[in-house]
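The primary structure of each chain is shown beneath.
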Amino acid sequence: MDIEALKETARQLRLDVLEMTTRAGSGHPSSCWSAVEVLTALYFGGILRFRPEEPWWPERDRFVLSKGHAAPLLYAVLARAGYFPMEELNRLRDIDSPVQGHPIQRGMPGVEATTGSLGQGLSIGIGHVLAGRLTGHSYNVYVLLGDGENEAGQIWEAAMSASHFKAGNLVAVLDYNKFQETGPIAREMALEPLADKWRSFGWRVSEVNGHDISQLLETLVLAGQMVAAAQPQIIIAHTIKGKGVSFVEQDFTFHGRALKPEQAQLAREELHGSG
Amino acid sequence: MDLGKKAGLKSCEKPLRNVFGDALLDLASSNPQVVVLDGDLGNSTKAETVRKAFPERFFNIGIAESNLVGIGAGMAACGLYPFIVSFSSFLLCNAYDQIRLSVAMSDINATIVGSHGGITLGKDGPTQMGIEDFALVGGLPTFTILVPSDPSMMHAMVKAAPEIQGPVFLRSSRVAMPYIYPEDDCPFTPGKANVVREGGDLTIIACGMMVAAGLDAAAELAGEGIEARVLDLHTLRPMDAETIAAAARETGALVCAEEHLLQGGMGSNVARVAAEHHPVPVRFVGLDDVYVESGDPWDLLKKYHLTAADIAEAGRAAVAAKQEGS
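First to last, the protein sequences are chains B and C. Residues in the first sequence are numbered from 1 upward in steps of one, following the working numbering. Residues in the second sequence are numbered from 1 upward in steps of one, following the working numbering.
Only chain B is shown next, with the shape it has when bound in the complex:
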């Protein structure tokens, strides 16, 4: 795998998100940027099996974006993967556009679930796992969780049932950027010891640097090999909120807003310079 090429893809995706949200004048760019390497590894690192020309191919691996506010990143990834033209990205959040502020199930090719009210994606992933057993398709189901979502009861309902149903082909990736809308997670609602919580629910837990593509790929490949162990898996990806744009990094006040034009220009220069 050409790691340098993947890094370049990641840089492009950050720019896509910047341009999309700046043009729209709203969105959650910093929540997208923390997850860029995770999605890059999944879609462009040879982990997910998919057919852009046949988006609902029954054998496809599933990707459910549970943290729906990272929709711009998902759209950018799907466009770059060939699901739809890049020009569609310029319609983010516009009226009469399928590129909705948060994902709508099948609203765009490749969008598996309606999300945006947090805590719901993992359950949907389990539904895909159980359905696959009946339909005879062998695919893996990947769910990207936000960290704040771990505060929602439904996540733990899903965690309990995934292990009850021995969902070994369910792989959650937790974008642990340590911030939620109104502040640092540790201050607003302590999640730790988070890995222990997931372990105690019967999950196989690994922790990685969520911006290290090589490490992510290694862990995801291993997860693919562990499917037969019939134990749901979670990869806790330690990430930096706003990663890639220095003045946005770790600043939770950027959570739910686009950059102002002058900020966007600075970000653009920084992201172009990092190529």
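If you are wondering where the hints come from, they were derived from the structure by calculation, not from laboratory data. Even for Gly, the Cβ is constructed at its ideal location relative to N, Cα and C. Where hints are given, some of them may not hold.
[To be verified] Just some of the chain C residues that point at chain B, by a computed CB distance under 7 Å:
hint: 1; residue: 64
hint: 2; residue: 66
hint: 3; residue: 73
hint: 4; residue: 78
hint: 5; residue: 98
hint: 6; residue: 101
hint: 7; residue: 105
hint: 8; residue: 106
hint: 9; residue: 280
Given chain B, work out where chain C should sit, using these hints.
Showing chain C alone in chain B's frame:
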């Protein structure tokens, strides 16, 4: 219990929930795409019939309605046809947001069965009763809302549900309801109300068990020279505006009867349709802004004014209002 007696309806020993269990098993036997998701109440809702016959297609998700709905939605996205079954109150109130996003907004093909609808579950009391279900699911676009009025209709609805585009809500009940329709020949077209009694002086529009009560009321009123038409409004959405408007135009007075809160229920939506197409006097039988209590179902119906006598009384009032207005 004398529901349907005045109207000469044939009684049915089997509670409607058992009829649902039978119908679901019939469907699962003929349609391998059908899966059943239970919120640990399969023995109460009778969805357990499928657990025994087809264990591989039955999933008890436990006491976790949000997860239950999400898993069902995921299965629907894979081309299976889920019946997501629990008490109406628990499903809609615990998992409303999940139903909103993953079922309604996603416009999936699935049926949510809200069992133990209304107050006739009786002794378990108001915490278990589903008296807000029409209003709650009515607040979600894309849903087709079905309320069976007799055992034959329950069979017809369960059979038809997978053919309906988009999500379906089906109310089930703990009590037995008499036969309004022949056992194996129930006229059911989603969205097309059934005229179950002809009459020109008044129209009683009802759903669920109140259809039988409405027929009893019509029999009572006939003795007084009032001929009431009775509509089985088995589909609350899409609502059959044409048949409601015709009833308003041709009979000039309406009574709406439902085992549900008046607020946001069937009657308020019928009134909206009537007001737009052909305004006439309307009277309402239902629960008026109240939570009821534990008790024998038939005692509760009497105390909270959901009987044939209450419908007849409302009918007299509607006819009187019509005559005053003319």
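Hint check:
Checking residue 64 (chain C) against chain B by beta carbon gives a least distance of about 4 Å; that is within 7 Å, so the hint holds. Here the hint on residue 66 (chain C) is kept, as its CB sits about 4 Å from the closest CB of chain B, short of 7 Å. With a least beta-carbon distance of about 6 Å to chain B, the hint placing residue 73 (chain C) at the interface is held under the 7 Å criterion. For residue 78 (chain C), the interface hint holds, since its Cβ comes within 7 Å of a Cβ in chain B; the closest pair sits about 3 Å apart.
Annotation: interface hint on residue 98 (chain C) holds; nearest CB of chain B at approximately 6 Å, less than 7 Å. The closest approach between the C-beta of residue 101 (chain C) and any C-beta of chain B is roughly 5 Å, which is under the 7 Å cut-off, so the hint is satisfied. Satisfaction of the interface hint for residue 105 (chain C) is found here, the shortest Cβ-Cβ separation to chain B being roughly 5 Å, below the 7 Å cut-off. Nearest Cβ of chain B to the Cβ of residue 106 (chain C): about 4 Å, under the 7 Å cut. The hint holds.
Because the beta carbon of residue 280 (chain C) sits about 40 Å from the nearest beta carbon in chain B, more than 7 Å, this interface hint is broken.
Going through the hint list in order, the structure does not satisfy hint 9, though it satisfies all others.
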